[in-house]
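> Residues per chain, in single letters:
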Amino acid sequence: KNQVEQSPQSLIILEGKNCTLQCNYTVSPFSNLRWYKQDTGRGPVSLTIMTFSENTKSNGRYTATLDADTKQSSLHITASQLSDSASYICVVNLVYSSASKIIFGSGTRLSIRP
Amino acid sequence: NAGVTQTPKFQVLKTGQSMTLQCAQDMNHNSMYWYRQDPGMGLRLIYYSASEGTTDKGEVPNGYNVSRLNKREFSLRLESAAPSQTSVYFCASRTTGMFSNQPQHFGDGTRLSIL
Chain A
1 KNQVEQSPQS LIILEGKNCT LQCNYTVSPF SNLRWYKQDT GRGPVSLTIM
51 TFSENTKSNG RYTATLDADT KQSSLHITAS QLSDSASYIC VVNLVYSSAS
101 KIIFGSGTRL SIRP
Chain B
1 NAGVTQTPKF QVLKTGQSMT LQCAQDMNHN SMYWYRQDPG MGLRLIYYSA
51 SEGTTDKGEV PNGYNVSRLN KREFSLRLES AAPSQTSVYF CASRTTGMFS
101 NQPQHFGDGT RLSIL
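In the order they appear, the protein sequences are chains A and B. For the first sequence, the working numbering begins at 1 and goes up steadily by one. For the second sequence, the working numbering begins at 1 and goes up steadily by one.
Same shape as in the complex, but just chain B:
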């Protein structure tokens, strides 16, 4: 089982460029999440999808958009990258939604640098 797969693993962009971070899970999970991890801070939720066809904003959604393409895939798009978006981005999935005691399963992250 691959679990949660994120692509690419590394990316360098120039300010103003756009890109899409891809995430796919093979565990038949309903909920999927995008986080960013910055030094000295806890993971912060950007967007989440409680189920296929739904998306909601998290704590830090500005500058990002998401698409829940199907049950397996949840992508994160930066329309016009800014240096403040330099971070490590993690995708996660969980079997059920808001009242679940099940753990989130994380991918290995995308390390993104904006010059």
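In isolation and in its complexed conformation, chain A is listed as follows:
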């Protein structure tokens, strides 16, 4: 069972529309959760990071939410643009007493149609 699950696996929307991507995690001890954007043929690029005490964080048209009690996060994209077509990856960072671990979700592939 994946420790960081993302849904949907893929999504197609029309340009200008909004969408929300989901991330559920089962792992602990949680330190922070980060959303990355990965364009086709490129490496992932960080969009936003959320720590345990943060509920909402925005980066332009991207708004991430976090509910640490239910272990759920979402990434909302407003007024989508063709350049938003990419995979979006949820990443959970765990911190133990003397080590840390980074766990990647498998991503949501978003396609924006004109």
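Bear in mind the hints are in silico, worked out from the structure with no lab data behind them. Just so it is clear, CB atoms sit at the ideal spot from N, CA and C, and this is done for glycine as well. One should not assume that every hint holds.
Partner residues are not named here, just some residues of chain B that face chain A (Cβ under 8 Å, in silico) [claimed, not checked]: (1) A2; (2) G40; (3) M41; (4) G42; (5) L43.
DMTMM-like cross-link-like pairs, simulated, lysine to aspartate or glutamate; straight-line CA separation at most 20 Å [claimed, not checked]: (6) A/K101 x A/E15; (7) A/K17 x A/D84; (8) A/K101 x B/E59; (9) A/K37 x B/D38; (10) B/K9 x A/D39; (11) A/K37 x A/D69; (12) B/K9 x B/E79; (13) B/K14 x B/D26; (14) B/K9 x B/D38; (15) A/K17 x A/E5; (16) B/K57 x B/D38; (17) B/K71 x B/D56; (18) A/K71 x A/D84; (19) A/K101 x B/D56; (20) A/K37 x B/E79.
The hints should help you fit chain B onto chain A, whose structure is shown.
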């Protein structure tokens, strides 16, 4: 700033051949990482280097070796390539180590096919 540079971008090997994937970063980062990305799966950590002179195994280290040549460079070697190692390989770096909230910076990947 080039960030994280990976070479080569593409490579086709025959089973049993060896090769080294190169990675260099110009951000003076301490930590460097090698991941593989396969369809339908999240990135999986192969090896990492928390600082110059140290390397540690990640989640899927079998069949790979690494060298942290200096602070800038971290190479990944396949000694005897197998078809199961067909994947896209990403190198990443981060300013500090295990307790950092700083993001990882990724290269654009090496697409490797083993025939």
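> Each of the hints needs a verdict: does it hold here or not?
Verification of the supplied hints:
Annotation: B/A2 was flagged as interfacial toward chain A, and the flag is violated, the nearest CB pair being 13 Å apart, outside 8 Å. Among the interface hints, the one on B/G40 holds; its C-beta lies about 6 Å from the nearest C-beta in chain A, closer than the 8 Å criterion. The beta carbon of B/M41 is positioned within 8 Å of a beta carbon in chain A (closest approach about 6 Å), and the interface hint is therefore held. Against a cut-off of 8 Å between C-beta atoms, the interface hint on B/G42 holds, since the closest Cβ of chain A lies about 3 Å away.
Taking 8 Å as the C-beta contact cut-off toward chain A, the hint placing B/L43 at the interface holds, the least distance being around 4 Å. For the suggested pair A/K101 and A/E15, the alpha carbons sit about 37 Å apart, so the restraint of at most 20 Å is broken. Simply put, A/K17 and A/D84 have alpha-carbon atoms about 11 Å apart, close enough for the 20 Å limit, and the pair holds. For the hint pairing A/K101 with B/E59, the CA-to-CA distance comes to about 10 Å; that is within 20 Å, so the pair holds.
Of the pairs offered as hints, the one joining A/K37 and B/D38 holds, with about 17 Å between alpha carbons and a cut-off of 20 Å not exceeded. Proposed proximity of B/K9 and A/D39 is supported: the alpha carbons are some 16 Å apart, at most 20 Å. Taking the CA atoms of A/K37 and A/D69, the gap is about 25 Å. The hint is violated against a cut of 20 Å. For the hint pairing B/K9 with B/E79, the CA-to-CA distance comes to about 19 Å; that is within 20 Å, so the pair holds.
Restraint check: the Cα-Cα separation between B/K14 and B/D26 comes to about 32 Å, which exceeds 20 Å; the hinted pair is violated. Restraint check for B/K9 and B/D38: satisfied, since their Cα atoms lie roughly 16 Å apart, inside the 20 Å limit. Straight-line distance between C-alpha atoms of A/K17 and A/E5 comes to about 24 Å, which puts the hinted pair past the 20 Å bound. Note on B/K57 and B/D38: the hinted pairing holds, with a Cα-Cα distance of about 19 Å set against a maximum of 20 Å.
Distance restraint check for B/K71 and B/D56: the Cα-Cα separation of roughly 15 Å lies within the 20 Å cut-off, and the hinted pair is therefore satisfied. Between the alpha carbons of A/K71 and A/D84 the distance comes to roughly 26 Å, so the proposed pair goes past 20 Å and is violated. Restraint check: the Cα-Cα separation between A/K101 and B/D56 comes to about 13 Å, which is no more than 20 Å; the hinted pair holds. Only pairs whose Cα atoms come within 20 Å are accepted, and A/K37 paired with B/E79 is rejected, the gap being roughly 32 Å.
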